[in-house]
Amino acid sequence: MSDGEWAEDQSGDHLSPAEAFAEWAATEPVPLDRAALAIAAHCRTDPVDEAAALAELDRLGAAVREPIPEVVVDLLFGAEGFGPNRGRFADPANSYLDLVVSRRLGIPITLAVVTIEVARRAGLELHGVGMPGHFLVGTPDAGMFIDAFEGRLIDRAGAAAIFARFESRQAFDDSFLQPTPPEAILLRMLNNLRTLHLRQPDAPSLLAVLELLTKLPGCPPDEFLRLSQALATLGRPDEGARALEDAADRFGGRDGEHLRHAATRLWAQLN
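In this note's numbering, the protein residues as written are 185 to 455.
Warning: the hint list may mix true and false statements.
[To be verified] Okay, the calculated beta carbon distance ranges per label pair:
1. ALA355 x ALA326: 19 to 29 Å
2. ARG336 x GLN362: 14 to 24 Å
3. ALA326 x ALA387: 13 to 23 Å
Because the hints were derived from the structure by calculation, they are not lab data. No residue lacks a Cβ here, since even glycine has one placed at the ideal position from N, Cα and C.
Please model the complete structure; the sequences and the hints are all you need to start from.
This is the structure:
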């Protein structure tokens with residue numbers, strides 16, 4: 185996908201979107217807005233205006249009259265018109281932060297990212313809550329949450345009711361309402377895109393997602409195997425083999441040995 189210049193590192197060198205994503209994902213704290221925009225830039229072929237998206241988030245943050253959850257919710261989901269894209273829930277555009285900001289449409293997790301980032305700019309620290317089936321936003325009040333998809337504040341009982349609609353075979357547990365760190369939010373965003381591109385097969389788009397997944401800190405070896413398979417599917421087994429060899433050096437041990445064997449099998453396809 186996109187491989188043009190996207191950002192600069194600390195030395196002033198230009199970075200591609202994938203390189204920028206890797207840098208943001210390894211930063212502490214993770215700049216969720218910048219990393220999410222790098223996802224959009226890497227996974228799309230059309231240009232992403234990072235500066236415009238960040239400027240709009242800045243404008244929205246400045247428009248928050250008082251740094252409390254109720255005011256943020258009223259601004260975003262009332263005056264500014266953010267809301268769910270019910271008609272096209274499976275549209276990949278719902279996972280691209282710049283388009284969510286410009287179109288005012290998204291899915292729970294990207295609307296949550298908008299909420300978190302606007303609140304942060306207004307001086308209010310919110311956090312993601314990766315409840316299975318439906319992403320929420322946590323507030324300083326441990327018993328109060330924001331359902332960004334519906335644009336409303338809810339309590340624990342409200343969260344449990346939402347969970348029951350999506351996960352009827354599993355009992356609700358309060359652990360589902362624990363804060364989700366930014367790197368896990370990025371992982372969930374990428375997994376959403378992965379699922380879309382598997383359901384409606386799109387090998388180049390799936391490859392772009394896998395390229396970013398393998399740049400997340402703590403990425404498991406299996407993701408590198410999937411990346412190599414995607415490259416081989418696109419007629420690039422040599423690149424897949426090299427990716428596996430690099431990963432083998434990174435992991436070492438049994439995982440590294442397994443990855444190196446997989447690389448050998450790919451190289452054999454070229455002989």
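Outcome of the hint check:
no. : hint                        : result
1   : ALA355 x ALA326: 19 to 29 Å : holds, 21 Å
2   : ARG336 x GLN362: 14 to 24 Å : holds, 21 Å
3   : ALA326 x ALA387: 13 to 23 Å : violated, 44 Å
In this structure, the one hint that does not hold is number 3.
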